[in-house]
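Given these sequences and hints, build the entire structure.
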Amino acid sequence: MTSQPKWKIEKKKILSMPIQEKRQLYKSADFVILDKVDPWFKYVVLNKGIEAKKHTLEDLNEFRKIKLDPSKNKVLSEKIDCIVNAANSQLRAGGDIIHTVGPQDGSPSKLQSCYENCFATLTENSLTTIAFPCICTGIYGFPNRLAAHIALRNARRVLEANEELSRVIFCTFMPLDVDIYETLMQMYFPVHGWNYNDGASVSE
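Taken in order, the sequence shown gives residues 108 to 311; the numbers are from our numbering.
If you're looking for bench data, these hints aren't it; they were derived computationally from the structure.
For every residue, glycine included, the Cβ atom is placed at its ideal position computed from N, Cα and C.
Any given hint could turn out to be false.
As the list claims (entries may be wrong) - Here are the simulated SDA-like pairs of lysine to any residue, each with C-alpha atoms no more than 20 Å apart in a straight line:
id, residue 1, residue 2
1, K118, Y133
2, K120, D203
3, K143, K161
4, K217, D203
5, K118, K129
6, K120, R264
7, K155, S233
8, K143, P240
9, K118, K217
10, K217, R264
11, K143, T207
12, K161, E270
13, K149, V298
14, K143, A159
15, K119, D137
16, K160, T230
17, K119, T230
18, K115, E128
19, K160, N251
20, K155, F296
21, K119, K217
22, K217, D188
23, K160, R264
24, K118, I204
25, K118, H206
26, K129, I204
27, K161, V298
28, K161, L283
29, K119, P240
Stated by the list, open to error - Derived DEER-like restraints, expressed as beta-carbon distance ranges:
id, residue 1, residue 2, range
30, K113, Q211, 23 to 33 Å
31, R264, K115, 39 to 49 Å
32, K113, E158, 34 to 44 Å
33, K113, G213, 11 to 21 Å
34, K113, D286, 40 to 50 Å
35, G213, L153, 16 to 26 Å
36, Q127, N168, 30 to 40 Å
37, G213, E271, 32 to 42 Å
38, Y133, E165, 19 to 29 Å
39, E117, E271, 38 to 48 Å
40, H162, Q131, 21 to 31 Å
Shown next, in the form of structure tokens:
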């Protein structure tokens with residue numbers, strides 16, 4: 108009988124741990140619990156001026172293809188079922204972490220697949236909360252705004268299709284990404300006043 112790989116044994120061990128025990132394994136004490144992350148509608152109320160940010164024609168054209176909580180915190184923990192790590196292809200899976208390898212060639216369809224696969228893993232394992240970094244916009248140089256459209260479009264579709272999914276969190280470290288998500292979230296997840304069909308007739 109073939110024994111299980113060591114990483115699978117460790118994964119099962121970590122997944123079965125109580126949250127307080129897991130937290131003893133963290134390398135950093137700089138983490139934020141889920142209850143401290145404001146949902147999008149509250150984030151808008153608390154951050155005056157966000158609604159003044161205007162989307163562009165290019166944003167509307169990206170938005171037409173569709174037919175979250177932005178977080179500035181470093182690490183999210185407790186009650187979050189899994190965190191996505193924008194990894195390289197050499198990393199192995201571990202408890203609570205979904206590794207995804209972003210495209211190095213700037214391919215939107217490949218980045219789309221990254222998000223689709225992450226959400227599929229979430230659903231297959233009956234998980235309900237997930238936190239994403241800005242996949243592929245760092246050293247791989249994927250355009251930040253297009254990457255945000257792809258992320259939000261996927262989140263919107265999955266949230267509409269899966270009633271069990273309760274929270275999708277986007278961790279935005281850079282001011283540029285914070286600004287982009289604060290603008291585009293108003294299109295994909297409007298607090299009020301946005302008609303989802305508004306982008307349907309946009310043209311140059």
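Each hint, compared with the structure:
1. K118 with Y133: Satisfied, since the Cα-Cα distance of roughly 15 Å is no more than 20 Å.
2. K120 with D203: Given pair K120, D203 holds - Cα atoms ~11 Å apart, limit 20 Å.
3. K143 with K161: With Cα atoms ~28 Å apart, K143 and K161 exceed 20 Å; violated.
4. K217 with D203: violated (23 Å)
5. K118 with K129: Cα-Cα ~12 Å, so holds.
6. K120 with R264: Given pair K120, R264 is violated - Cα atoms ~33 Å apart, limit 20 Å.
7. K155 with S233: violated (36 Å)
8. K143 with P240: It holds: about 18 Å lies between the C-alpha atoms, which stays within 20 Å.
9. K118 with K217: violated (27 Å)
10. K217 with R264: holds (17 Å)
11. K143 with T207: violated (26 Å)
12. K161 with E270: violated (30 Å)
13. K149 with V298: holds (9 Å)
14. K143 with A159: Distance ~25 Å between K143 and A159 Cα, so the pair is violated.
15. K119 with D137: Since the Cα atoms of K119 and D137 sit roughly 25 Å apart, the hinted pair is violated (cutoff 20 Å).
16. K160 with T230: Roughly 33 Å separates the two Cα atoms, so the pair is violated.
17. K119 with T230: Cα-Cα ~18 Å, so holds.
18. K115 with E128: holds (19 Å)
19. K160 with N251: Holds: K160 and N251 sit about 17 Å apart, inside 20 Å.
20. K155 with F296: With Cα atoms ~17 Å apart, K155 and F296 stay inside 20 Å; holds.
21. K119 with K217: violated (30 Å)
22. K217 with D188: violated (24 Å)
23. K160 with R264: violated (24 Å)
24. K118 with I204: holds (10 Å)
25. K118 with H206: holds (13 Å)
26. K129 with I204: holds (13 Å)
27. K161 with V298: holds (15 Å)
28. K161 with L283: Between K161 and L283 the Cα gap is close to 15 Å, so the pair holds against 20 Å.
29. K119 with P240: It is violated: about 24 Å lies between the C-alpha atoms, which goes past 20 Å.
30. K113 with Q211: 23 to 33 Å: holds (29 Å)
31. R264 with K115: 39 to 49 Å: Since the Cβ atoms of R264 and K115 sit about 31 Å apart, the hinted range of 39 to 49 Å is violated.
32. K113 with E158: 34 to 44 Å: violated (51 Å)
33. K113 with G213: 11 to 21 Å: With a Cβ separation near 36 Å, K113 and G213 fall outside 11 to 21 Å, so the hint is violated.
34. K113 with D286: 40 to 50 Å: holds (43 Å)
35. G213 with L153: 16 to 26 Å: violated (35 Å)
36. Q127 with N168: 30 to 40 Å: Violated: the Cβ-Cβ distance is about 48 Å, outside 30 to 40 Å.
37. G213 with E271: 32 to 42 Å: holds (34 Å)
38. Y133 with E165: 19 to 29 Å: Violated, since Y133 and E165 (Cβ atoms, about 40 Å apart) do not stay within the stated range.
39. E117 with E271: 38 to 48 Å: For E271 against E117, whose Cβ atoms are near 27 Å apart, the range 38 to 48 Å is violated.
40. H162 with Q131: 21 to 31 Å: violated (44 Å)
In summary, the numbered hints that this structure violates are 3, 4, 6, 7, 9, 11, 12, 14, 15, 16, 21, 22, 23, 29, 31, 32, 33, 35, 36, 38, 39, 40.
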